[in-house]
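Could you build the full structure based on these sequences and the hints that come with them?
Each protein sequence line maps, in turn, to chains A and B.
The numbering of the first sequence is the working numbering, which starts it at 32 and goes up by one.
The numbering of the second sequence is the working numbering, which starts it at 54 and goes up by one.
Calculated from the structure, these hints are not laboratory results.
Backbone N, C-alpha and C define an ideal beta-carbon position, used for all residues, glycine too.
Hints may contain errors.
In the DSBU-like style, the derived pairs of lysine-lysine whose C-alpha atoms are separated by at most 35 Å in a straight line are [said to hold, decoys possible]:
{"hint": "1", "chain 1": "A", "residue 1": "K302", "chain 2": "B", "residue 2": "K199"}
{"hint": "2", "chain 1": "A", "residue 1": "K662", "chain 2": "B", "residue 2": "K93"}
{"hint": "3", "chain 1": "A", "residue 1": "K925", "chain 2": "A", "residue 2": "K723"}
{"hint": "4", "chain 1": "A", "residue 1": "K315", "chain 2": "B", "residue 2": "K112"}
{"hint": "5", "chain 1": "A", "residue 1": "K662", "chain 2": "B", "residue 2": "K199"}
{"hint": "6", "chain 1": "A", "residue 1": "K1021", "chain 2": "A", "residue 2": "K887"}
{"hint": "7", "chain 1": "B", "residue 1": "K93", "chain 2": "A", "residue 2": "K915"}
{"hint": "8", "chain 1": "B", "residue 1": "K119", "chain 2": "A", "residue 2": "K781"}
{"hint": "9", "chain 1": "A", "residue 1": "K669", "chain 2": "B", "residue 2": "K63"}
{"hint": "10", "chain 1": "A", "residue 1": "K915", "chain 2": "A", "residue 2": "K662"}
{"hint": "11", "chain 1": "A", "residue 1": "K315", "chain 2": "B", "residue 2": "K63"}
{"hint": "12", "chain 1": "A", "residue 1": "K709", "chain 2": "B", "residue 2": "K112"}
{"hint": "13", "chain 1": "B", "residue 1": "K112", "chain 2": "A", "residue 2": "K781"}
{"hint": "14", "chain 1": "A", "residue 1": "K723", "chain 2": "B", "residue 2": "K93"}
{"hint": "15", "chain 1": "B", "residue 1": "K93", "chain 2": "A", "residue 2": "K781"}
{"hint": "16", "chain 1": "B", "residue 1": "K199", "chain 2": "A", "residue 2": "K781"}
{"hint": "17", "chain 1": "B", "residue 1": "K112", "chain 2": "B", "residue 2": "K199"}
{"hint": "18", "chain 1": "A", "residue 1": "K946", "chain 2": "A", "residue 2": "K1021"}
{"hint": "19", "chain 1": "A", "residue 1": "K887", "chain 2": "A", "residue 2": "K669"}
{"hint": "20", "chain 1": "B", "residue 1": "K63", "chain 2": "A", "residue 2": "K683"}
{"hint": "21", "chain 1": "B", "residue 1": "K93", "chain 2": "A", "residue 2": "K709"}
Only part of the chain A face toward chain B is listed, based on derived beta-carbon distances under 8 Å [unchecked claim]:
{"hint": "22", "residue": "A196"}
{"hint": "23", "residue": "T303"}
{"hint": "24", "residue": "W783"}
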Amino acid sequence: MSGVNRISGAGRLTPARTARFTFDGRTLTALEGDTVASALIANDIHLVGRSFKYHRPRGILSAGAEEPNALLDVSRDAARRQPNVRATVQEVFDGMNVSSQNRWPSLAFDVGGFNDLLSPFFAAGFYYKTFMWPKAAWHNLYEPFIRRAAGLGVAPTEPDPDHYASRYTHCDVLVVGAGVAGLAAALAAAKAGAKVIICDEQPEVGGALHYDSGTVVDGKPGYTWAQETGKALAGMDNVTVLTRTTAFGYYNHNFVGLVERVTDHLAAIDKTLPRERLWQVRAKKVILANGAIERHMVFANNDRPGIMLASAGRTYLNHFGVSVGKQVGIYAAHDSAYEAAFDLKKAGVAVAVIVDCRERPGEAVLAEARSLGIEVLTGHSVVNTTGKLRIASITVARNGGGGARKIAVDALLVSAGWTPSVHLFSQSRGKVKFDAATERFLPGTYAQDCLSIGACNGTDDLQATIDEALAAGELAARAAGAEGGGQVALTGQNAFEWTGGMIGAAEGAGPDTTVKAFIDFQHDVCAKDIRLAVREGMHSVEHIKRFTTNGMASDQGKLSNMHGLAIAAEALGKGIPEVGLTTFRQPYTPVTFGAIVNHSRGSLFDPARKTPMHAWEEAQGAEFEDVSNWKRAWFYPKAGENMHEAVARECKTVREVAGVFDASTLGKIEVVGPDAAKFLNLMYTNAWDNLKPGRCRYGIMLRDDGFVYDDGVVGRLAEDRFHVTTTTGGAPRVLHHMEDYLQTEFPHLKVWLTSTTEQWAVIAVQGPKAREIIAPLVEGIDLSNEALPHMSVAEGRICGVPTRLFRMSFTGELGFEVNVPADYGQAVWEAIWARAEPMGACAYGTETMHVLRAEKGYIIVGQDTDGTVTPHDAGLSWVVSKKKPDFVGIRGLKRPDLVKDGRKQLVGLRTKDPKVVLEEGAQIVADPNEPKPMTMLGHVTSSYWSPNCGRSIALALVAGGQARLGQTLYVPMADRTIAVEVSDMVFFDKEGGRLHG
Amino acid sequence: MADQAMAIRKAPLAGLRGGSHAAILTPAAPASRISLRAAKDAVPALSAALGVTLPLRPKTSASSGKRHALWLGPDEWLVIDEDGADLMAAAASSGALHSAVDVSHRNTAVIVSGPGAEVAINSGCPQDLSLGLFPVGACSRTVLGKAEIVLFRTSEDTFRLECWRSFSPFVFGLLSEGAEDAAH
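Encoded structure:
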C-alpha cells in the first residue's frame, strides 16, 4: 500500500510501481511518479517543516514550484545531499532520504517554537531596532545569534560528485510552459515549419491539466490530449521538448536560461549523464505561456498543516490519486475552488463545507455544489482555525459579524483566485499594467520580442486561450521566417466558467485585528506586519518589502506579492497601481551552483597556460608560480634544497657559469608594414626610425597620462618588420592598447599587428659560458661580439630549425634569447641543456631572474612601478626622446604634477646591516622617532638577498629619492626599525662590462 | 653545425584522442599557417600568389586543395596549408602590400567530427552552428569557454577548431565534456 490516503482508481500513477524512501528516518512507500509532497500526503503526513522565524508547524501548501513551506533536505548519499528542496517539485526515487529542516530536536517538538510565543518581540523590522544598542554587542552577541538563527537548511560539506552540462542553442520560437496554451502555440509554430523549443518545469507536459478533471480538448480529456500532443511534438524534427526544465531567467535579446534536471528523479544514476543541463537559448521569438499561480486566503492562523491551495488538492487527487484528508473544508473567493470540492466528493471524500466570502459565487458552480449535496456558506468567512500540528477545525462566521460556527476538518483547501505569472515577462524588462476589473497585473508594454498567451496573459476562457496560442505560434513562426504550410485548428471546453477572486486580507484579518494571518509563509510575514511597516513610515512598496522582507525569500513572493500589495495599498489609502509592484528578478526558482558553474571547475576552471618546455621543467622538479594564466618555472630545487638555497645557487651559477631560462611567456607582437617604425615612434617614448635591421632597443610605453604602461626589448628584423616583446602579464593589454591607437588615432599608418607570443618558444641562455653553450648548435649566425653585439638579433638555424636569435640580457651577463617555433621548443631546450649541464650551468626560474635583474637595477613594470610612475621617476629619462614631436603620453608627461620636485623616484636601498632583507611593501620614513602618524616617504618595491653581492639589495620608491643618494632613511617594522642608505640602483657590475663578454 | 640532429617537433596535443561516439576529437596534424593582413586592393594579387581566392564576406572561407583562407576580419585572414607549404614565401611573391606573420606553431587545431559535433562545440561556444547559418565552409573567430578559437566547418559533421597552443588542453578538455553530453 502506497499510503492510507491513496484512492484506488484515482490519479494517473501505476499502483504496482512503488518506490521506498525515508522521511525523518521513517520508511515510506510511494509510487513512481510521486513527488515527495504527494507521497507524504498519501501517507497522511502534512507536517513537514517549521517556519523560518516563529518555528510554527508548517505543511505542504501547493503542488508546484511556488511552494513556500515544504522545503526539505533530500539526499541520495553522503555527497549528494541538497537542502531546501521543494517537496512539491522533487520526484521520489527508490532509496531517497528526506529530512525536515529548521527544527530541533524533532519536527513535532521543536524548541524554536518558543519564538512563536515571543512573536510580539519579533515584529517586522525588529532587527533594525532591537539590535541597535549597545553598539559593541553587535559583533559579539547579535550578529552571531542572527547568523545562527538565520538561513534555512544545512549546506552539504562534501564536494559535489556529479557533473553538469551546458548547451548554447538557437531556435526560431521558444515556448515557455507546456500547458494548453504552450502546447497549442508550439504545435502551430512547429507546423508552420519553425525550429521550436518548448520547455516545462514539470516531469510531463500538461501544466494546469495536471489538476484538471473536466476539460476537453480536441474531443479528448485535457491531460490525455496534452500527452499525445507532447509526444507528437517530440517526434517532429524541428521541435525539442524539454520537460523537468525551468526557464529561470529572461535576459537581453531573447536570451533565456533554462535548467534541465536530468538525474535528480532517477533511482540509479548513469554516471555519464550530467545531473543538470544548462541550456542557454537565443530565440528569435519567445512565447510566454507560464500560466497563473493560485493565491491563498489571508485569515487568522491560515498556516496550519493541512491548509492548502485548492488546485493543489485537485492535483494530489486527480494526478497522484491522493486525498488530502478525510473531511475536507473549502474556503474560497473564487469559483475554481468549487471544482476541488466536486472532485473530492465524486472520489468519495467527505467535503465538510464550502465557505465562500462572496455573496454571489458563480451560478454554475453553486448549482453543481447543491446538486452534489455540498453545504455552501456564501457571505461567510473562515475567521480562525485550530489544530496544533494539523488543522482540526475552522471557525466560520457570517461576514460583518454574527454567530461563529466551528466545523471539524482535517484539511482545508483555499483559493483567493489566480495571479498571472508575469515573472519572465517582467525579467524581460516588460512593463506590467494593472487591470482594475480583475485586480491583476498583466503584460503591458513589451521590451523584447516576445508574446504572452493564456493564463499569464490574463486570458481565462479555454477556447480563447487556444485561439490566442495558435495565432501566437503561427505569428511567431512566420516572423522568425518559417514558411511551412501546416495550420492547426483546435477546440476546447471547460467544465465550468470561473468568476471571482480577491486580494488582501479576508474578514477577520483586517486593520482592526492583530491576528496572525500569513501572507508570506516562507518569511513569516503577516498582514499586520505590512500595516506596521506603513505606520512606521514606509510608503514605497520597495521600502515595505525590505522592512517586512515580504517576498524576499527564495520563493520570491509568488504567493504573497499581491496580498502584500493590496494590504499596503489599503493602509496607505492609495490605489494598487499607485503603490506599484516590485521588480521580478532572475532566477524564477532557485538554480543550483552546479548548473551555473558547470564545466568551470577543476582543470577547466581557468586555462592553465604552459610553455612548450613545461613537461621538462616538471620532470626536473621545478616549482611553478602563476603569472597571469601562465605556469612559470619559479626555481629548480635540488634534493634537500629549500627555496632560498636553490635560488642562491642558481644566482651564483648564472654569473659564474651560465643558466638556461624559459622566457617563452614574454609577450610578443610582430609589427609589420612600411609604417612600422613610425608607429613604434608613436607608441614608445624613444626613437625607432634610426634603429637598424638586426639591432634591438629597450622601449618604454606610456599611457596617455604619462605613466609607464609596459616595457620590453624590440628587435628590428627588416625595414618593415619589428619583433616587439612585452611583459608576460601585459601581453594581451599591450596588443589591445596598440591596436586601439592604431585604429582610432593613427589609422593612416600602413602597419599591422599580430600576436606571436605562442609562435615562439624562448630559451634564454645567460652567463659567461652562454656563447660556448649554444655555438655548436647554431648555423648561419656569427655569434661573435663584432657580428652580434649586445642588443642585436639575427635569423638563422639552431638544431636544424629556424631561429630568431637575440643577443640581449635581463641578467647583466653575456646572454642570448633563442626563439624557435614552439613545437621545437622542448627539443632545442634539451639540446642546449645537454651542452649546458656538463659545463656546470643550471636551469633557473623566475625567482632567480628577479634577483639577477634587481642586482643590475633593471625594473619590472608592475612591481617597481604601479601606474603612478613616470619614466623619469623610474630613472629611465634616457629612454624618453627629447626630439620626437609626438608619442603617446608626451603631453601627460608635461603635467605640472608630473614635473614638480619631490615626486617619488626609484632608488636603491642598502640596509646598514647587510644581512637584513627588507620586506617588499614596507614604508620608509626619515625620522623613526616622529610621533605617529609618521611622514611616509615611500615604500620598498623589490627586495632580495643577493648571493652575488653577499648582501641584501632593494629598490624603493622614495619622495625626492634621486636627491637623497647617500642619506640614511628608516624602515619601521612591527618589531624593529631598519636603517637603510639610499643608493643608486645598480648593485652589481656597475660598469656593465659583463654584458659584452 | 650541420651534423647536429634536427630538433624533433612536438605538437601540444600530441597523442591525445577523445570524445564520444557522437563527437570524436582528434588533434589535427601540424600545418603551416599565416596571419595575413592586407587592404582590399591587395586581395587579387595575394589571392593569385596564394592560389586561393581570399574571401571578402564575414564567416566565409575559400579552399583550394589542402589550402584554406578563412575570413577573420575586413583586412584579416587566417591561411592554413595542411601540407605545410611555405605560405610566407607565397604571400611575399604577391608583390602587394600586406603583412604576413607565420603562426604555424602559435595555433594548433582539434578536429571535431560526428553527428554530435555541433552540440559538443556548443557546450562552450554561443554561436548558432546550424547548417543554415553556419554551412560547410563557414568560419568565425569566436570563443569556447574562456578560450578564443577559430571555428571552421569542413563538412556537415566536421569542424576544425583552431586555438592558441597553450589553450589547447583547456579546449580539448571542454570539448571532451561537451562530446560526452552530445552522446546523450
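Consistency of the hints with the structure:
1. Straight-line distance between C-alpha atoms of K302(A) and K199(B) comes to about 26 Å, which keeps the hinted pair within the 35 Å bound.
2. Among the hinted pairs, K662(A) with K93(B) is inconsistent with the structure: their alpha-carbon atoms are about 41 Å apart, more than 35 Å.
3. For the given pair, K925(A) sits about 30 Å from K723(A) by alpha-carbon distance, which is consistent with the 35 Å threshold.
4. Restraint check: the Cα-Cα separation between K315(A) and K112(B) comes to about 20 Å, which is no more than 35 Å; the hinted pair holds.
5. For the given pair, K662(A) sits about 17 Å from K199(B) by alpha-carbon distance, which is consistent with the 35 Å threshold.
6. For the suggested pair K1021(A) and K887(A), the alpha carbons sit about 8 Å apart, so the restraint of at most 35 Å is met.
7. A hinted pair counts as satisfied when its Cα atoms are at most 35 Å apart, and K93(B) with K915(A) qualifies at roughly 33 Å.
8. A C-alpha spacing of about 31 Å is found between K119(B) and K781(A), which places the hinted pair at or below 35 Å, so the restraint holds.
9. The suggested pairing of K669(A) with K63(B) holds, with an alpha-carbon distance near 27 Å, which does not exceed 35 Å.
10. Note on K915(A) and K662(A): the hinted pairing is violated, with a Cα-Cα distance of about 39 Å set against a maximum of 35 Å.
11. Using a Cα cut-off of 35 Å, the hinted pair K315(A) and K63(B) is violated, with the two alpha carbons roughly 45 Å apart.
12. About 33 Å separates the Cα atoms of K709(A) and K112(B), which keeps this hinted pair within 35 Å; it holds.
13. Among the hinted pairs, K112(B) with K781(A) is consistent with the structure: their alpha-carbon atoms are about 25 Å apart, no more than 35 Å.
14. As the CA atoms of K723(A) and K93(B) are separated by approximately 31 Å, the hinted pair is consistent with the 35 Å bound.
15. For the hint linking K93(B) to K781(A), the alpha-carbon distance of about 13 Å falls within 35 Å, and the restraint holds.
16. This hinted pair checks out: K199(B) and K781(A) have alpha carbons roughly 32 Å apart, not beyond 35 Å.
17. Only pairs whose Cα atoms come within 35 Å are accepted, and K112(B) paired with K199(B) is accepted, the gap being roughly 21 Å.
18. The straight-line distance between the Cα atoms of K946(A) and K1021(A) is roughly 21 Å, inside the 35 Å bound, and the hint therefore holds.
19. Between the alpha carbons of K887(A) and K669(A) the distance comes to roughly 26 Å, so the proposed pair stays at or under 35 Å and holds.
20. Simply put, K63(B) and K683(A) have alpha-carbon atoms about 33 Å apart, close enough for the 35 Å limit, and the pair holds.
21. For the suggested pair K93(B) and K709(A), the alpha carbons sit about 22 Å apart, so the restraint of at most 35 Å is met.
22. With its C-beta approaching chain B no nearer than about 4 Å, A196(A) sits inside the 8 Å limit, and its interface hint holds.
23. Hint on T303(A) holds. Least Cβ distance to chain B is approximately 6 Å, under the 8 Å limit.
24. Interface hint at W783(A): satisfied, since its Cβ lies 4 Å from the closest Cβ of chain B, which is below the 8 Å cut-off.
In the structure shown, a violation is registered for the earlier hints numbered 2, 10 and 11, in ascending order.
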